[in-house]
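Chemist: Residue-level listing of the chains:
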Amino acid sequence: MTAAPHDDRYDITTRSGGLRRRRITEKVFAGLAVGSAVVAVGILALVLGTVIHRGITELSLDFFTKPRPLFGQAGGIADALVGSALIVGMAMVMAIPCSILVAIFMSEYAGPRVSVGLRVVLDVLNGVPAIIVGIFVFGLLVVGRGQSAIFGAFALAILMLPMVARATQEVLEIVPRSLREASLALGVTRWRTTLSIILPTAIGGILTGVVIAVARVAGETAPLLFTSSIAANQVSADVSNALPTLPVTIFVFSESPDPGEQAAGWAAALVLILFVLVLNVIAKVVAGRQRRKHEGA
Amino acid sequence: MTSVGFDPAAPGADLERHGIRLGDVLFQGIAVAASLAATALLGLIVYQVTSDAWPAIQEFGASFIWTEAWDPVKDVYGALTFVYGTVVTSAIALLLATPLSIAIALFLTEIAPRRLAAPIATMVELLAAIPSVVLGLWGILVFGPWVRDTLEPFLQSFLGWCPLFSGDPSQAGMLPAALVLTIMIIPITSAICRELFSRTPRDLMDGSMALGSTRWEAIRGVMFAYAAPGIAAAVLLGLGRAFGEAIAVNQVIGGANSINVSLFAPADTLGSRIAAQYQGATSSLQVGAILYLGVILMVISLVTNVVAQVIVTRFERARRAY
Amino acid sequence: MKRGALAALALVGVLALVAGQALAAPSSTKDTQLVGTGATFPFPLISKWIPEVGKAYGINITYSPTGSGAGIAAITARTVDFGASDAPLSDQQLADCKGCVVIPWALAAVSVPYNLPGLNGRVNLSGPTLANIYLGSITSWNDPAIKKLNPKLNLPDTKITPVYRSDGSGTTYAYTNYLSEVSPAFKSRVGVNTSVNFPTGVGARGSSGVAGVVKGTPGALTYVDAAYSIQNKLQFAMILNKAGRFTTPGLRGISQAVSQLPKKITSPAQLKIVDPPKAAGKLAYPISTFTYVILPTNAAKAAELRKFVYWAVTQGQKFGPPLFFVPLPTPVKAYAYRELAKVKAT
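Chains as they are written, first to last, in my numbering: chain B, 1 to 297; chain P, 1 to 322; chain X, 1 to 346.
Rather than coming from a laboratory, the hints here were simulated on the basis of the structure.
Don't take every hint at face value.
[To be verified] Some residues of chain B that are not near chain P, with every Cβ distance over 10 Å (derived):
1. L61
2. G75
3. A85
4. V120
5. E173
6. G204
7. E220
8. Q234
9. Q290
[Stated by the list, open to error] If you anchor each label on the Cβ, the simulated ranges turn out as follows:
10. P:V87 x X:K263: 55 to 65 Å
11. X:P262 x P:A40: 58 to 68 Å
12. P:T122 x B:E181: 35 to 45 Å
13. B:A185 x P:A40: 33 to 43 Å
14. P:L26 x B:L179: 15 to 25 Å
15. X:A185 x P:W161: 25 to 35 Å
16. B:A185 x P:F224: 43 to 53 Å
Note that this is a predicted model, so its numbers are computed, not measured.
In this text, a Cβ means the ideal position worked out from N, Cα and C, and glycines have one as well.
Excised from the complex, chain B in its bound form (with noise of 0.2 Å):
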């Protein structure tokens, strides 16, 4: 055999020439991801820790029994926390039975095409931007009644049904095939096999799937300035009337220039961002819980 020249350079395998700057290549991109991620964490430790670090001291019991200040006096979020409240307690009455059916509907009696066209329905108007679901609700609803918790309900009820409705299908299609026939076999009728049996096994992903939309939901602001923005400061429970809630008036604090209401911003957004967080981890924890349930099962 004749050996052509042998150029180290372009020999792969010996540890000088290609292998040794293949070998830096390496190093140097996991050193990007590295730095990717500890970009990521920094930023998120940044925002938590500015929150925290500026909400903290304005958090009192008058912060949370007080209701928002008018012009140049102290005030707390009393209001705002009962009307995020109910208006997301309301939207969740809306839009939870809803989303159930539509993902039976999608797993259970609906041909494949028309679950594919219903799947791209639901996609879609999950990508419709918050503002639009709030002009949109504006023009319906508001426009000659004025405004009022139950219409915010229902722009919020808007954004959380494709993400409801999409988890709870995802978890259905995962029943086994073998429950729902043999409870059909016994003879229990369809629509019962489905409620007794089938959802209570899809319980865990379909709460979880209702947690992260009620933790999306919570910190929307957009729908919510066009539905319920003016209200009076005071707690109140009427929901035929616009109530404060927490987002809104996070974004009224963050223009101001009273240092004062600046200060209670950052109380609210860390009031609101924990909620939200605490129901995320809930969220994680029983998605973790119902992945190990089926893979030990």
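Following the hints, position chains P and X against chain B.
Modeler: Showing chains P and X alone in chain B's frame:
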């Protein structure tokens, strides 16, 4: 009481004799109704916004999209400033976020030890959980001033010859808005990429490395090729998110009416302009113009979303062929 | 089965509770509740009025400062009981409103605060100079035009950042009204409206927003109700009036600005008080403005609205001076009463 046998006296017994159960029909009916309602909702949103914008669409026609004007006094409006702002801020956010997201996803799937990967992944997802209004609050009070006092002078010191980095540093402008959008996009894109990378068939990667490639070469050659459509979809979904973000952008972008080449100068985007001016429009034509902006935003978001869907569907079909 | 039935019952119960709450809202509280929105300009004063009116008449008032433009739009769409605006309604807006009256209920001035820390004195500005700043032809604080007005000040070479209202604002209306009076270039290029196309500068929402940007941006300058400048400890400029003096938006400055009103007011056009003539007085402040409440002539809550506005125009005025609002002059009060009489119950 669970009834399993056939009861001739029960309601719906006649139907059941023919194999149709009343409860099932009702339930299916409700499920169908819910699905129709969801579909109708999407249609209604598109219809409502478009019909409210119709007077402006008729008045200005398609040239609205490339006209740079916004004058409520003369009642002359054009969307170019906001389309430009939306495109530029989203493009910058995408340029910055995509490599970062891919790198983060690679870190989590390839480099990080198993026990470290989960908490770090959680932390990246938590970044997505931060409500946009809180990011905007941080943007106005902390990030914006830092950009004005530190970042922009720094960029200007060696890039000042470029018109993009000319002009006076400002805490409200295209750059802070683009950076805030980057922060919002990263968790979405990196979560999808992470899913994709972790699902790459191991045998492909192992095969490549058995042939002598380094890990990075395997990733570049195999994983990216395999995941390319998925990455494209992830990028598009992040883009859709960037397009639609109105609140946080409104808080840090400065609300300008005309286009300025410099990234430091105030600008405005479609969503941000709608949020700022919808409720205070002085004439019905201005309301129509703002809703026309909404139509443009809606179309851009829908198109991005649908393209991402198509890519995902094709991708899933191709993957199943493996 | 039993659990399912119980769960369904519980859900129905919850739904019924929520629905019942919503639909059967006790009518008594609804009748004595007034919801309004609009100008951020009078918000400091309205904030003082709200508890007082509650005490005097048991009327629960909700007011949300969203900008004059939003106030006009809201009352036109009847999504609120009353709207507030610093800008009077145009003919088209009055027609769109389908039977509205516009009643002046407070009087104050637009201050021009700026952010120049460490300056050895207060800045004097003139109308044409302000117009040029907002047109973008004056870009730096040590521009010769500004130096000429301030011979004794050590003006720095800082860039001027003009800040304007990005939302529909009656303060913008008053300010652009003034600038259009004193600068033909401004009038033709920008014009007068609650929302205009400023060629340069940074936008922010609400009086709070613009004051906030100025507070945080060295070299910035804006136009905002005096109460916001004071509350945020912003230094405001002295403005040159037709009598040749530099004046402040204080109580005397505003009082002199309105001293030339006719004895009987018959139309809102007569309430334009920007750039008052020399005869008004040496201290007359050039950018003063009335601010208005907009009521529907046919309202279910006409009685409450009339009580509220009448109180505001009479007893409410005494809360004004500490916030730099001047009590309404007598001819204006008379005009207000006449317009208020047009508000009738449906």
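Chemist: All hints are to be evaluated individually against the structure, with a verdict given for each.
Modeler: Consistency of the hints with the structure:
In this structure L61 of chain B is separated from chain P by more than 10 Å, as the shortest Cβ-Cβ distance comes to about 23 Å. For G75 of chain B, the condition that its CB be more than 10 Å from all CB atoms of chain P holds, with the nearest at approximately 18 Å. Every C-beta of chain P lies more than 10 Å from that of A85 of chain B, the closest at about 16 Å, which supports listing it as non-interface. Here V120 of chain B does not stay apart from chain P, with its beta-carbon only about 6 Å from theirs, under the 10 Å limit.
At roughly 14 Å from the closest C-beta of chain P, the C-beta of E173 of chain B stays outside 10 Å, upholding its exclusion from the interface. Chain P leaves G204 of chain B outside its interface by the beta-carbon criterion, the shortest separation being 18 Å against a cut-off of 10 Å. The Cβ of E220 of chain B sits about 7 Å from the closest Cβ of chain P, inside the 10 Å cut-off, so the non-interface label is violated. Residue-level check passed: Q234 of chain B sits 23 Å from the nearest beta carbon of chain P, beyond 10 Å.
Non-interface status of Q290 of chain B relative to chain P is upheld: no Cβ of that chain comes within 10 Å, the nearest being about 16 Å off. Roughly 59 Å separates the CB atoms of V87 of chain P and K263 of chain X, a value that falls within the hinted 55 to 65 Å. Checked against the hint of 58 to 68 Å, the C-beta distance between P262 of chain X and A40 of chain P comes to roughly 59 Å, which is consistent with it. Distance hint check: the CB atoms of T122 of chain P and E181 of chain B are about 38 Å apart, consistent with the given range 35 to 45 Å.
Distance hint check: the CB atoms of A185 of chain B and A40 of chain P are about 36 Å apart, consistent with the given range 33 to 43 Å. In this structure, L26 of chain P and L179 of chain B meet the distance hint of 15 to 25 Å, their C-beta atoms being roughly 23 Å apart. Against the hinted window of 25 to 35 Å, the Cβ-Cβ separation of A185 of chain X and W161 of chain P comes to about 33 Å, which satisfies the hint. Separation of A185 of chain B from F224 of chain P is about 48 Å and conforms to the stated range, judged on CB atoms against 43 to 53 Å.
Hints 4, 7 from the earlier list are contradicted by this structure; the remaining hints agree with it.
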